[in-house]
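**Student:** Using the sequences and the accompanying hints, generate a full structural model.
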Amino acid sequence: MLKLLKKCGYLVVSLMLGFHVFAVFISPAAMPPASPLLMDGYRLALPYNELLFLNHGYHYFAPDPGASTLISYSVPRAGDAPVVGRFPNLSIHPRLLYHRYFMLAENLWAFDDETQAEIQKAYARHFSALHDSSSVTLNRISHEPSSILRIQAGGKLDDPETFEVETIGAFDFSTEASQQSSVAQSF
Amino acid sequence: MLQARGLLRSSGVVWLRQYINGCLEAWVKFWFEPADPLMLGIIRLLGGWMLFYNLAVWTLDLEAFFGDNGLQPLHAVKALYVNRPIFSFWLWTGDQYLWPMHIACLAISAMFCLGFATRVTSILSFLITISYSQRVPIANFGFDQILGMLCLYLSIGPSGAAVSVDSLIRRWWLGRKGLVDAPRKFASARVAMRLIQLHLCTIYFWAGFAKLKGPSWWTGEAMWRVIANEEYQTMDLTWMAWVPWLPFLIAHVTIAWEIFFIVLIWNPRLRPLMLLMGVAMHFGIGAFLGMWTFGLIMAFAYLAFSDPDLWRHRLALFVRWMRGQSHVSPVPAFDAANVSSGVGVEDLLEAAVPTMISEAAELPQSPSPATAKTSAVLNYSATVFEVCVVAVVASERSTLRRYFRDHQVPCRIVPDLNSGLDVVSRYRISAVVINTTQLVPASVVDFAADVADLTSLPILVLSIASQQSQFEGLGAVPRVEVLDLPASLRDIRVKLQSMCDSAESPSPRVC
Chain A
1 MLKLLKKCGY LVVSLMLGFH VFAVFISPAA MPPASPLLMD GYRLALPYNE
51 LLFLNHGYHY FAPDPGASTL ISYSVPRAGD APVVGRFPNL SIHPRLLYHR
101 YFMLAENLWA FDDETQAEIQ KAYARHFSAL HDSSSVTLNR ISHEPSSILR
151 IQAGGKLDDP ETFEVETIGA FDFSTEASQQ SSVAQSF
Chain B
1 MLQARGLLRS SGVVWLRQYI NGCLEAWVKF WFEPADPLML GIIRLLGGWM
51 LFYNLAVWTL DLEAFFGDNG LQPLHAVKAL YVNRPIFSFW LWTGDQYLWP
101 MHIACLAISA MFCLGFATRV TSILSFLITI SYSQRVPIAN FGFDQILGML
151 CLYLSIGPSG AAVSVDSLIR RWWLGRKGLV DAPRKFASAR VAMRLIQLHL
201 CTIYFWAGFA KLKGPSWWTG EAMWRVIANE EYQTMDLTWM AWVPWLPFLI
251 AHVTIAWEIF FIVLIWNPRL RPLMLLMGVA MHFGIGAFLG MWTFGLIMAF
301 AYLAFSDPDL WRHRLALFVR WMRGQSHVSP VPAFDAANVS SGVGVEDLLE
351 AAVPTMISEA AELPQSPSPA TAKTSAVLNY SATVFEVCVV AVVASERSTL
401 RRYFRDHQVP CRIVPDLNSG LDVVSRYRIS AVVINTTQLV PASVVDFAAD
451 VADLTSLPIL VLSIASQQSQ FEGLGAVPRV EVLDLPASLR DIRVKLQSMC
501 DSAESPSPRV C
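Line order of the protein sequences matches chains A and B. Under the working numbering, residues 1 to 187 are what the first sequence spells out, in order. Under the working numbering, residues 1 to 511 are what the second sequence spells out, in order.
Misleading hints may appear alongside valid ones.
As the list claims (entries may be wrong) - In silico contact screen, one side only, chain B against chain A (beta carbon under 10 Å); selected entries:
hint	residue
1	Arg-194
2	Trp-206
3	Ala-222
Hints listed in this document are in silico derivations from the structure and should not be mistaken for laboratory results. In this text, all values refer to a predicted model and were calculated from it rather than measured experimentally. In this text, a Cβ means the ideal position worked out from N, Cα and C, and glycines have one as well.
**Tutor:** Laid out in structure tokens, this is it:
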């Protein structure tokens, strides 16, 4: 009886291990382009992978290392030059925190439009509050790595031509703040 | 004709049955063969340190990242996770609990790193790791993925059984009873190690395969684009523009290494090379791209491929070296009162190398009366006894070593008789095996007599039949037996076991 139970135990644990290895393997396999078969397998393991934080593609610097993304902000000040900043910037220490900010700029564009809009608003609110302002303008900056030929020709990694700026939007929180204060007063 | 068919069918069935049984045995051995938890302990120590560091860095900007209205507002993240089975305790706690929870998490990760209450803190550390990562999905990168993976497997295996406060406490507890904590092996340690190994294989396989989708990895430019990324780089590598073949070569080697890692890492001869290349790559990522956390956590995971015996040896040397530097006298193995209960680095390492400590301590000159009796009774089960093997020929030494270790027989293999005598006099030896190839018979007889004078160990002499007459002198030495060569390794083991079984002294499990 004990032997049978032990065998059953081995069988159950083996099946669990088999499924786990399958789940770990199928998650990156289903990164697009992927066949419907791979996608079906991926969907089968998705709840398990999401629960255990295993739903990753492991596509480091793949398929092609692209331009890096930064976010710049400009906070207007009455009668003075606007405060301008961007993240990530090398003044952020330690390096792990720098990478966190780098990912905030880099990963945002992988999410859906609605989430992007929410997060951009949150970035704007954060940096306007940081500089005691109610409005801020955000820009997305793409920084293309200089080619070998450019460097050989005397170019630099931070040549202005390698940066491309795109406006995300201007955010004004003055109405939101006044609405909040009026709500607070009504209590 | 019919008989021939029946014979064929039955032989086919037998073959199939043997094949299936062989596969099942291989599966069970691969996943469940009990393993030394030392490497898990070291991975826990290093991975736990990374987790603690990660949380400590979050402390610098906690409210900005984890506040309800921070850079990733709670409602936006929750909206992202609707109808998805995501776990993060940060999704259910508000700003008022932010700091108390964070401090508690720091404390738990520190306990996990040191290996205190590891059964509980390892599970909590995994939950902490994924909770932080899931709460800030936009700020995640490879480091978080690997940290989550390691914490998951460390919570499955007995990661607190070595290099931990738990093991120190266990030693202290056993020491109070006059017992010595011998290294233990766990099937769950094997499972955890295998999972880490297979996960690493999966990561590299897909990382390499995904790169094949991009033209720049084929043209070799990809590595240059990584190097020339100003936001990543911490060191100016633009000089490579004048040696362009170098980044191209690195790109090609990276892809080949990543794709073939899943196969070549299982080859014992290629494993060191594969791991060395991996460590070089990840340290390069750390040094040149500033991602030391990612580079280190990947390198730490490689320890799952290491040989725990080798690491025990290295740690024992390290402990001895530290003792030599600090002039700390060794702790007597049987003197329970002297077993340290502190949590110093040296003590942590001692906990990792109990066998080596008993070697360094040797037998106590005068054990305290209170512990002498208990140790004499209990050391059969609690202490590791080893077989001393003398073999001059290197290939024979390695064959015997591999065979004995495969069969869980602790052994010390030496290349000459003098070293054998030294081992017998210094360590806890249960039996001696002498391979007489290239040895002078008279010196073998002298050696056996010397061993018999020192101890009452059984001695097994392996000699070819034509030499038998030259070993007549062995007849006068007690407890010596001669086994004719050629003999199978199994024959040697069985003979040794029968000699140990008939011995009065405690013996190891040989069969």
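**Student:** Which of the numbered hints above does this structure break?
**Tutor:** Nothing - there is no hint that the structure violates, so all of them hold.
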